[in-house]
Amino acid sequence: MFIIKNATRNIKKALVRNILIGIIVLAIGVCSTIALAISNAATTLQENGLANTKITASISAIPVKMDSAATGTIQERRKALTESVSGQAVLTLDDYKKYADVSSVEGTYYSGTTSLNGPEDKAFVKYSTTEEDESEDDASQLAQRGGKASMDGGTVSVFKLASTDFAVTGYSSPTAMTEFQNGTKLISTDDAGEKEGAVFDFGTDNSEIIISDELASFNESKVGDEITLVNPQDNTITYTLKIVGIYTTAATDSDNASSMMGREMSFANPANAIYMNYETYARIFETVQSASAAAAAAAGEEGVTNFNPMEKQGVSFTYIFDNIENYEQFADQAATAGLDTEKYQIKSTDLTSFEASLTPLNNLKDFSNKLLWIVLAIGVVVLTIINAFNIRERKYEIGVYLGIGVNKAKVAMQFIVELLVVSLIAILIGVGAGAAASPSIANSLLEKQIATATAETATKTSNFGKDTGPIVQSLDTAAGQTSTGPDAMGGGPGGRAAAAAAPIEYVDSVDAAVNIQIVLELILAAALIVFLASLITVSSVMRYEPLRILADRT
Amino acid sequence: MTVLQLKDISYSYPTKRNVLQDINLNFEKGKIYSITGKSGGGKTTLLSLLAGLDVTTDGEVLFNGDDLDKIDRYKYRAKNVGVIFQSYNLLPSFTAAENITMSLDASGMRISKPQRKELINQLLDVVNLEREYAKVPVGHMSGGQQQRIAIARALCYGPDVILADEPTGNLDSDTQDDILEIFTRLAHDENKCVIIVTHSKEVAEVCDEQIRISKGRIIS
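So the sequence lines, in the order shown, correspond to chains A and B.
Residue numbers for the first sequence follow the working numbering, beginning at 97 and rising by one.
Residue numbers for the second sequence follow the working numbering, beginning at 158 and rising by one.
Just chain B, same shape as in the assembly (with noise of 0.2 Å):
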């Protein structure tokens, strides 16, 4: 079932025309892609596209055949996409705990203290970091542990789709595996719709679909 769709997109910077040409895409649940490419390709780009950090120059970006432009993008943020950045983007001063309540209060979702303790508990054992780090401040944890947790705040309100960016790109391989592990389970398992950003070939090669970008276009 596609959830996400790109039809005819061209993006252009001020500086920079043409970053991104004609693209077509469709993002079906339960799958997991990977979009691969030279630096400078328009990856990034495209992944901010359908996270609705940036704006089309042309076309559209669809969700659930909605275009993003004429829905609140904030609130798709919010609520049905969840959003791994490369470098995580997380509150340092802000315990794994508060990072991820923060996002669950962002979507809206209510639930009772005691249920929120046990779905941070529940993606912490998803993201396989010890609940123990709850209450660490994500400033004191390692590269790895920090992209578990930017991954669990992803998650927390169940979005339909995960983008992530470069998500292995500052791990060891063992860490890389199991983080691939957790995106391929979240798509088979619990039929999510992932898209990962990646140069890592290995990583393309654990994905179901590959995407290739070069120039703006789509090249595979």
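Next comes chain A alone, as it looks inside the complex (with noise of 0.2 Å):
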């Protein structure tokens, strides 16, 4: 009672060095508030970001060792390569879908890629458009690029543009048409304002494909046309393919890596991806394979031509998983029906690209969570040192205590329990202010971080001379492909490689909102403080002798 008393009667009457010390309390108060609060906001994003979000996974081929290509003969070293990709057991449809059939896995979608030709090796479809070409008339222009599509009473043209490949994808579902589902491709719309067709049905081999705008404006197409292209091993195999669709491109950067491929390589142009269903997709690929092993047979040289995985492989499978734990439950899962964990691996780039986007805000929770401990450090050492001297400042009052018959434990915990309401009081109002100014100042400071993190990306495009694009922008993008490992190649022009351009969208903002777990943390960090900077107290209490204090003064 004596301690609770007095302290409080001592805190009244030294209102200026209480309020001094509380305004050193309250910056710390407002500094750890700041501090907790982003760090907070970080990790609830890093563990709940992807709590309610369905992710995607795939499984690829862990890249084989080459050691074996390393010597010999450039025709013995191609041979050994060959042998070490070809050599890995390469999975079927029905693998990737045993594997699905697990209680983790929610549901699934798949696409495949080949390639095929046009019926004659003239012309090409431009990626982009320069004025000169665009003050040429179009029959001009198609006379430079080998000849006018021909048609036939409107309905079927033949390409003439069998210079190059066309990249043919087919997709199990509309779920697996990733770049449709978030917007980066859509069905045009012509002048009128009307859809120019749509989608294609899944399910049946309908021979239904889309095509790109600039495809069809550049042949002439339009939805109900049909086209023929040809196999490219064996050009007397041709497939009759009719548009139900014609689709556009939201991404018009015309310097990003696959417009610079697609200038020296036709199949990898954007312009140049035809899309269809799964089931259509296959019987096409299924004589693609077959004329592609005839080939390879006719020259002698079976597993030499036939090197391409994504012809042999022809299939991008991806896993959808409810959550996260589904996802990490997943790879005993396959394993237990049989995955070889050893050759294959489960990668999901969802995860992947959710981490590269806190990229800004980990650093910021880093330097969060350094900003409070030396908060935490400078309190402790300032308030010892004001403490020392409180002690020393009311020596003659410990002595009267003392001599009155207060014992020293009660004249320390005295202390110690003016320090500690005046810290509390402070620390509370520190937690408001803290509160007020966390979003604020951390949207803030994780906008420098962002610009930090953007400014880098600048320096090594500027000492690439070109958008090389970061390990994770790669990785970014393949959550809807899955073109991870050899099957990235078969993500198709449209695919990897034109989204791989498209920038880490960094977490930019960050809810660093002030919790009932940190207000505690925050007195219990008080509580500590006052402790440490009391102990010099307890110590200088323990020490005086009333007789000592009291003789001196008289």
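None of these hints come from the bench; they were simulated from the model.
Only a predicted model underlies this, so the values are computations on that prediction, with no experimental measurement involved.
Just so you know, not all the hints are guaranteed correct.
[Said to hold, decoys possible] Calculated cross-link-like contacts (lysine to aspartate or glutamate; reagent style DMTMM-like; alpha-carbon spacing at most 25 Å):
1. A/Lys-101 - B/Glu-217
2. A/Lys-504 - B/Asp-317
3. A/Lys-506 - A/Glu-641
4. B/Lys-372 - B/Asp-165
Make the complex out of the two chains shown on their own, each in a separate frame, by following the hints.
If you want it as structure tokens, here you go:
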């Protein structure tokens, strides 16, 4: 009772001194609140950011060792490399489906990509039209590029663009068409505002395709037309496909990697991407494979001409999980179902890109944590010094207490209570002020972190002389394309290559709210600071003898 | 009735030996004692031993038969003896009432707020100080007024023994008389044992028993 009463009395009496202590603790409280709020928000975002989000993952081959292909003649090395890659077991669609039949998997989708030729080896589709090109009429453009597409009563157009490949991609379901899901690509609208067809139906081999607006424009094709494409291994095999929709690409960056690649390789030109359902694709792919095998056999280099893993594998399979826990269970369940985990790995590019998006926030979190510890350490030091002066200044008072019979423990406790009460009041005010300031300060600091990260990317681009794209960028995009590992090559021109140039979408705002946990943590921190700063009080009081203090004064 | 007893007390400082030697004294309730002697003779040291502010080198200080070495000295000071220091040892920023209340709280005495106020008023009456002084910080008071507050503080929890070190040393003669009257009344009317350390012959002559110390020994 004496402790509380006398502490309260002293706080009121020495108001100026206690306000000074309060201001220091208040500053500690504000800084700590902001630091803890940022740290807490970052942790919450990390822990819960994917909690209610569907996660996609794919199985990919673990890259093979190329040691065996490192010596010998070019021919020998090529063969060794081919055997090395070909020696890897390739998962079939049935294999992928088998691993999907486990409890953790909520759904799947898949796609496959191959390349086909036009019927003649002349023209190509340009990725972008220059002003000079635009000044020329269509006929002259087509003449320069190998001839006008021939029309047959307006219903059949035979493409005369056979000098290069088309990338043909088949999708199992609308979910698999991630670029259409996220709006990177969409069915285009004509001048009258009407949609130019629609995406093909799924589930049956219907020979329906959608083509890019550039390709359609170049060949004067429209919805309802049929086109004929040619097997690249055997030009006697052709495929007649019906255009049911024309799509456009939202991205128009003509300087990205895919466009540059497209100038050299037509199949890599985004405008040459043709989409269909997986059943149609599967039929085409099977004949491409057969022709490829036959061509290889004829050349006597079986396994060498069939080197391209994209051609061999053909399918890119994606597993969908309801939550992160299910994703984490999948590896074990797939292994139980027969997946050879020494040869194959399971990767979620959602997680990779999510983690990449948190980079500035994590940097901010690290900064906040360091700031917190520095502030607390400074707090302890400053309060200890103030306390030391305080005790020295109040030595006589301590002597009086001891002289009238207050024991040392009570005197020390009274001083601690005084500091604790002042500190708690200051901390609570600090929490309030910190809570008010946290969101804006946190977002301002985060903005600077993002600016730094962006500047680093810009510097790297400058160093390379072009946008190489950070590693995480390519991973970032694969969520929809399941394009990691060897099957990444099957992402197609409209897939990985185009998406790879997309910038990371950093988490650019954080809800640095103060919750009860932070308040409790700060109260605990204040108590700890007071305890540490009070150690000097306790040691001083324990050393003091009333007679000596009072005699000195006398 | 003997309340305090010194048995074969000796005391030495680390730098000064035999400050007190072979002291044997009995103090009874209802009497007022004076301890006189030259400066450095050991008077204040003796009072400090009686107050439990210091410990003997040899011998025992007994309070109601209990050795102070074996009881809680802080509790003893807080409840059983009232010490009036030469320099008052009040907290100057605290009011008279607060100084008294602090001592009351330290003794562990629990009384209601109105009772406390009444007790403070009564104590101010006892030490002949107007009640309005209760709310005045003692730092604003004269030496005589502070001495009265120091006496009031020493009396507030009703100790059996009052120890006063030069209580009139800083006071004028009128105030000195007034203070001595208070002590006499406490001893004779309220059955307290009052022990006064003083240089003053006048003060000593008022007391029931006079103890003279010289070179650490009792000479009369």
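Hints and how they fare:
As the CA atoms of A/Lys-101 and B/Glu-217 are separated by approximately 36 Å, the hinted pair breaks the 25 Å bound. Proximity of A/Lys-504 to B/Asp-317 is assessed by CA-CA distance (about 24 Å); at most 25 Å being required, the pair is judged to hold. Distance hint between A/Lys-506 and A/Glu-641 is fulfilled; the C-alpha atoms sit about 14 Å from each other, no more than 25 Å. A threshold of 25 Å between alpha carbons decides the hint, and for B/Lys-372 with B/Asp-165 the separation of about 16 Å falls inside it, so the pair holds.
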